[in-house]
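Asks: Model the full structure from these sequences, guided by the hints.
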Amino acid sequence: MANTPMVEIHQLKKWFPIKSGFKKKSDLKAVDGVDLHIYRGETLGLVGESGCGKTTIGRTLIKLYQPTGGKFIYRGKGVTGGSIDIFSLNESQMRPFRKEIQMVFQDPYASLNPRITVQDILSEGLRVHSIGKGRDERKEMIAGILEKVGLRPEYMYRYPHEFSGGQRQRIGIARAIVLNPELVICDEPVSALDVSVQAQVINLLEDLKHDFQLTYLFIAHDLAVVKHICDRISVMYLGKIVETAETDELFRNPLHPYTQGLLASIPIPNPHMRKIGKRELVKGDIPSPVDPPDNCRFVKRCPKAFDRCLKEAPRLTETGSGHYVSCFLYE
Amino acid sequence: MPKLFYRKKLDELEEKARPIHINSYWQLVWVKFRSHKLAMFGAVVLIIVVAFTIFGPLFVEVGYEDMDFSSLFKPPLSQGHPLGTDELGHDVLVRVMYGGRISLFVGFASSVITTLVGTLIGLLSGFYGGLIDRFLMRFVDVMLSIPMFPILLTLTLVFGSGIMNIILVLTVFGWMGVARLVRGLVLSIRETEYVMSARAMGVRSARIILRHVLPNVIPIVIVSATLNMSYAILSESSLSYLGLGIQPPMPSWGNMLQKAMNYILGTATGANPWWLTFFPGFFIFLTVLSVNFLGDGLRDALDPKFVSES
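Read top to bottom, the protein sequences are chains H and U.
Using this note's numbering, read the first sequence as starting at 1 and increasing by one per residue.
Using this note's numbering, read the second sequence as starting at 1 and increasing by one per residue.
None of these hints come from the bench; they were simulated from the model.
Some chain U residues well away from chain H (every beta-carbon gap over 10 Å; in silico):
1) V31
2) R34
3) M40
4) V44
5) I48
6) Y64
7) L72
8) Q79
9) G129
10) T171
11) I209
Each computed SDA-like pair below joins lysine to any residue, with the alpha-carbon atoms no more than 20 Å apart:
12) H/K19 with U/G130
13) H/K133 with U/V203
14) H/K209 with H/H228
15) H/K99 with U/R204
16) U/K305 with H/E154
Here are the computed distance ranges between Cβ atoms for each label pair:
17) H/G322 with U/A206: 43 to 51 Å
18) U/E191 with H/E147: 27 to 35 Å
19) U/D141 with H/G322: 56 to 64 Å
20) H/S20 with U/A206: 31 to 39 Å
Computed from a predicted model, the values in this text were never measured in an experiment.
Here a beta-carbon is modelled for each residue, glycine too, at the ideal position from N, C-alpha and C.
Replies: See the structure below:
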């Protein structure tokens, strides 16, 4: 690789302990050994079905959850010595990075406190990180950012319930961007919105990325959205990455059986384009992530599974340039 | 960014936005409260009742202990006793006024302290969770399972009776409900995305509690505080009956009711002194009702989402 990635995540693990009655303590392995890297200025998509651990990754990266294991090497602009492991920091050392790494949440209704005005919502981060002197200057910054996200500046005097879902999501985006971060984790930012509004918000995110030189980790389950906005895509299944590739490469040449099934599941609007009988969808449901066996996680639903898949777990290996897959078919 | 331009424009815009959004949150609350008819009714009645108990005694010469042996069990509107007299010739009007001071004070003080203590413990328990939560909630369980009355009787023997003791007892045995209520609310608020967002930005826990958790808990706490006040006024009467608290001849609405219980089936002469129960009962009813209306209105006014129909 030509340049070093801005973010390197090594073997990220997040297990939630489950204590139940007399049974032995077990772990819900929401994220179990994930490797990701994100280059400066790109948008990395993270896709997978519900319950595969996408959201947990996002929340663990900003330490809303304490990671069980792994490293989060960060090479931001202000990092002394070039790189730092975010997970090794305590809360006060972490503080400057809480400005650099921001998050946009999924639910535009739950992510804004209903009892404070938009102005207060947006100024909270500014105040915590002592950006802007005094109320007036912060007010101007807030007005500016509201215009940037396509809202009128005087909306800052309103309460969240006075806005539509799309407008609320814009406020949520403004809250992240106003701190001028480097990395923004978008946790399914459009999945709760109407399709027409989705497009607007997606375009807004792209514009902001360009204006503020942002890097996105874009978590989603809608492949059409991901195809549009992402430079590279990582496909996740049950706490593990199964395939990572550049967007075009992944859609043209999906290697992992799960990715193939996932892509086959995209509805095709034009009936003449459909290849009747050729769609091989993934059957069954995602298995329980509680104490999963140490083999390929996908084996029970995989149409191409063989003996080895039941016995050991495949590793993420590079097959072509920048195309990583975790499957024995390609070893 | 053209700063001056923005500042000027913003001031103009704020001016425009004002008719809908007034100046500050508290002004908005006041406007909404004023338009809530029942709440205004409650507030006015409560103010009248409080004024009546505080200033009423200044206009009469008879004290609450003064007995008029020539007129026992006189019905209301008899000469010199607008609300009648009781079995010892006490003037009921005077006793209702003095009794109100005590009942209102006991009710208000114990409900405020109970709510404060309960909310604080509920917040800590719900927000921090873990060991703190376990310890506090087991403490709540213990407090709830202590039989109250034997302890009360012992306390009376040790400390004697009095208003402060009643407030103390009602608080010590009353905060657990609020604490559980608040804890439950905090548990759900703690997991909301707006709290997560605040944490992700590095906002300190104390500020998250004050800024994000507490304002979302307050409306429900207010309603529970008004219910608590009614409960406190009523339980003061049963405590007085047991000998802890307000002792005759000092009146409270509660012990006036309690004493009148003896004549509920009529006196020895066969007359039925209904006014002995009616007047203190009526004032308790009026107070509790208006406090509840007040709480309702306050809850709605504090909620930015709530816009009254008028």
